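Start from the sequences and build out the full structure, keeping to the hints where you can.
Protein chains in written order, with numbering that gives the first Met the number 0: chain A, 0 to 407; chain B, 0 to 221.
Among the clues, some could well be false.
[Said to hold, decoys possible] Facing chain B, a subset of chain A residues (Cβ under 7 Å, in silico):
1. LEU175
2. SER205
3. ALA394
4. LEU402
[Unchecked claim] From the structure, some residues in chain B lie toward chain A, with a derived Cβ separation under 8 Å:
5. GLY43
6. ALA47
7. PRO48
8. SER49
9. PRO51
10. LEU71
11. GLY93
12. GLY99
13. ALA122
14. PRO126
15. ALA128
16. VAL145
17. LEU149
[Said to hold, decoys possible] Computed footprint of chain B on chain A; a stretch qualifies when at least three of its residues, placed anywhere within it, have a C-beta under 8 Å from a C-beta of chain B:
18. 68 to 81
19. 229 to 242
Treat the hints as calculated values from the structure; they're not laboratory data. Note that the structure is a prediction, hence the values are computed from the model and not measured. Glycine included, C-beta positions come from ideal geometry on N, C-alpha and C.
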Amino acid sequence: MKRWMRALAAVSVAVILASCGGGGGGVAGSNSTGFTQMVVFGDSLSDIGTYKVGTIAAVGGGKWTVNSPTAKNWTELIAAQYDLPTPCPAQTGLPHVLFAGFVGAPVQNFPDCRNYAQGSARVTSNFSPSSLAVQQAVYQAYGGSAGDPAATQAAASAAGLGLMAVPVVTQMNTHLSNVGGSYDGKELVAVMAGGNDFFMNLNGVSAAAAGGNGAAAAAQFAGWSPAVQTAVFAGGAAAANAAANAAVAGMAQAATELATDIKTLVLAKGATHVLVVNLPDVTQTPFGDTFDAPTKSLGTSMITAFNSTLQTDLAGVPGVLVVDAYTQGQDQTAHPAQYSLTNVTTPACSTTSPANPLAGSSLACTAASTIPGDTSHYQYADTVHPTPYGYQLLAKYVTLKLLAAGWQ
Amino acid sequence: MKTKFQLMALTVALAASGGAFAQKAGSFSAQIGATNLAPSVSSGNLTAPSLPNSQATVNSDTELTGAVNYMLTDNVALSVPLGFGFKHDVSGAGAIAGAGTLATTKVIPITLIAQYRFLAPDATFRPYAGVGVTYARFYDTNGTAVLTGLTNPGGAATTISFQSKWAPTIQLGLTYNLNEKWYLDASYTKTFLKTTGTLSTGQTLDMRLDPNSYTVAMGYKF
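Shown next, in the form of structure tokens:
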């Protein structure tokens with residue numbers, strides 16, 4: 000009898016120990032990878048206030064979304080989720096606005112801030128939409144005279160905001176110089192770019208058929224070879240064809256450059272966790288909805304060229320996680336209700352509200368300048384940028400991929 | 000933990016006190032052992048906003064358990080299994096497989112089973128079959144940072160609760176009488192349990208848990 004009792008006690012103790020030992024702890028902090036900060040390179044989709052100065056700051060804008068004190072970019076949400084320091088823009092300013100009554104600000108650098116993303120930034124080229132580089136190029140085309148009203152008018156029309164739009168490659172180099180040349184391996188690095196390469200390449204295509212100086216300039220801004228610039232100068236169907244081919248090749252090249260920059264300027268400098276978000280499907284944005292069928296088809300080829308090249312060039316590279324925002328965004332467009340999206344085609348920002356000095360651009364859009372009705376679950380703030388809800392959906396998807404990759 | 004020791008002490012005390020009786024009408028028996036509770040999960044999809052096919056799975060847990068049985072007749076018994084709370088991890092599945100643990104929860108299954116025990120009260124082996132009802136009480140359910148990351152990244156922590164439910168239960172078991180007083184018991188219990196997880200984001204997740212329970216125990220007849 001006693002023997003059985005001892006055996007019973009022994010079994011019970013073993014069970015108790017087993018039940019206490021299993022499954023404890025480990026749920027409080029999501030950041031067991033040991034990230035200490037988030038470093039962000041990219042364009043408007045990751046920009047958290049580069050141009051939040053002057054008039055834009057005064058109206059409550061600054062991010063490329065429906066701005067409000069609580070509106071967050073996806074990069075801010077990821078940083079908060081990982082309990083990382085609140086990111087801040089590494090550079091601010093708007094040094095040469097050409098719109099009457101619109102106040103800018105000198106360029107200021109913040110070497111302790113780690114979000115280098117700037118609206119309008121391309122991978123390598125300075126010739127970005129509404130950029131300072133395009134503005135200056137237009138001035139130069141007019142003989143370099145800043146006082147010439149015709150030159151100013153042309154520059155304002157081409158790129159009146161004069162965005163710094165520091166390209167991603169320069170952003171990466173700036174970070175290296177800010178941190179003494181190397182990463183410590185505890186950074187979560189986020190890279191998302193390509194949209195502005197898309198816009199400038201598409202702009203080159205749009206201008207090609209007409210030929211002449213306009214076509215040649217657009218080709219130059221896109222970054223095409225002198226041969227293609229000559230071809231589009233001639234105009235006509237051959238020009239359009241050459242431009243379309245150059246645009247697809249240009250996107251592939253941008254992706255190759257981005258992948259090379261990630262390898263040589265980030266990974267080779269000690270970074271160990273680089274999150275690369277690919278290019279969403281611009282043809283499914285409200286901007287893309289305005290495309291005719293051939294343009295839509297070309298746009299798809301351009302984006303596919305960019306994303307597939309990026310995927311190929313980064314495949315199997317240790318320390319890189321490529322997140323497919325392209326496919327995920329398409330799913331959101333195809334099944335809005337699944338994501339509690341109430342509208343995936345109409346921009347939430349009004350193009351006519353007097354409260355938005357940039358006529359519907361999300362950069363200066365706030366709750367005071369949205370269209371009537373509840374736009375809180377719209378996908379798009381303006382013709383290409385997400386609402387805060389759209390950014391949250393992106394952040395959720397990115398978080399899932401980070402967790403699944405064990406970056407938690 | 001304290002409760003477990005108290006029950007052990009109770010069992011031991013009972014063991015020390017009793018006289019010998021067969022497993023027959025009017026007799027009580029008490030047993031203590033271990034139960035492995037293994038949910039057989041069929042998950043619904045997390046409601047919008049979510050990735051399509053966002054599902055969850057639940058792992059098994061083994062805990063100290065007991066039971067008190069009363070013989071209504073020589074063959075019909077009422078059994079009340081006693082559990083102290085099984086702890087389970089709820090993990091992502093389907094589209095969110097690999098994300099990790101979404102929540103931890105505890106459940107106390109409170110069960111009453113009517114058993115038919117075959118063969119004579121003094122037979123060495125007595126197989127039995129039972130049918131009953133379980134009230135599965137979920138408590139101490141905590142959402143993890145993973146759950147927050149998937150539902151409200153960078154925002155307020157997402158909490159979750161599971162609905163406590165009644166569920167039908169069936170049982171098959173076998174008793175091996177070591178002697179007049181002591182016996183070993185092994186049983187398999189199936190509970191047909193559905194529950195709904197409700198998140199603080201307003202999303203819900205229906206889950207059919209249908210746990211299989213495997214129990215081995217040692218018992219004493221009074």
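Status of the hints after comparison with the structure:
Evaluation of the A:LEU175 hint against chain B yields a violated restraint, the C-beta minimum of about 27 Å exceeding 7 Å. Interface hint at A:SER205: violated, since its Cβ lies 36 Å from the closest Cβ of chain B, which is beyond the 7 Å cut-off. Proximity of A:ALA394 to chain B holds as hinted, the smallest CB-CB distance being about 4 Å (cut-off 7 Å). The closest approach between the C-beta of A:LEU402 and any C-beta of chain B is roughly 4 Å, which is under the 7 Å cut-off, so the hint is satisfied.
With its C-beta approaching chain A no nearer than about 14 Å, B:GLY43 sits outside the 8 Å limit, and its interface hint is violated. With a least beta-carbon distance of about 5 Å to chain A, the hint placing B:ALA47 at the interface is held under the 8 Å criterion. Restraint check, B:PRO48 versus chain A: the minimum CB separation of about 4 Å is within 8 Å; hint holds. Because the beta carbon of B:SER49 sits about 7 Å from the nearest beta carbon in chain A, less than 8 Å, this interface hint is met.
A cut of 8 Å between beta carbons decides the hint on B:PRO51: the least distance to chain A is about 6 Å, and the hint holds. With 8 Å as the threshold, the beta carbon of B:LEU71 stays out of range of chain A, its nearest partner Cβ sitting at about 27 Å, so the hint is violated. The beta carbon of B:GLY93 comes no nearer than 12 Å to any beta carbon in chain A, farther than 8 Å, and the hint placing it at the interface is violated. Of the supplied interface hints, the one on B:GLY99 holds, with its beta-carbon coming within about 6 Å of a beta-carbon of chain A, less than 8 Å.
Hint status for B:ALA122: violated, given a least beta-carbon distance of 20 Å to chain A, over 8 Å. A distance limit of 8 Å between C-beta atoms decides the matter here; for B:PRO126 the minimum to chain A is near 22 Å, and the interface restraint is violated. Of the supplied interface hints, the one on B:ALA128 is violated, with its beta-carbon coming no nearer than about 26 Å to a beta-carbon of chain A, more than 8 Å. Interface restraint check for B:VAL145: the shortest CB-CB distance to chain A comes to about 6 Å, inside 8 Å, so the restraint holds.
Of the supplied interface hints, the one on B:LEU149 holds, with its beta-carbon coming within about 6 Å of a beta-carbon of chain A, less than 8 Å. Note: the segment 68 to 81 of chain A has 7 residues with beta-carbon separation from chain B under 8 Å; the three-residue rule is met and the coverage holds. Note: the segment 229 to 242 of chain A has 0 residues with beta-carbon separation from chain B under 8 Å; the three-residue rule is not met and the coverage is violated.
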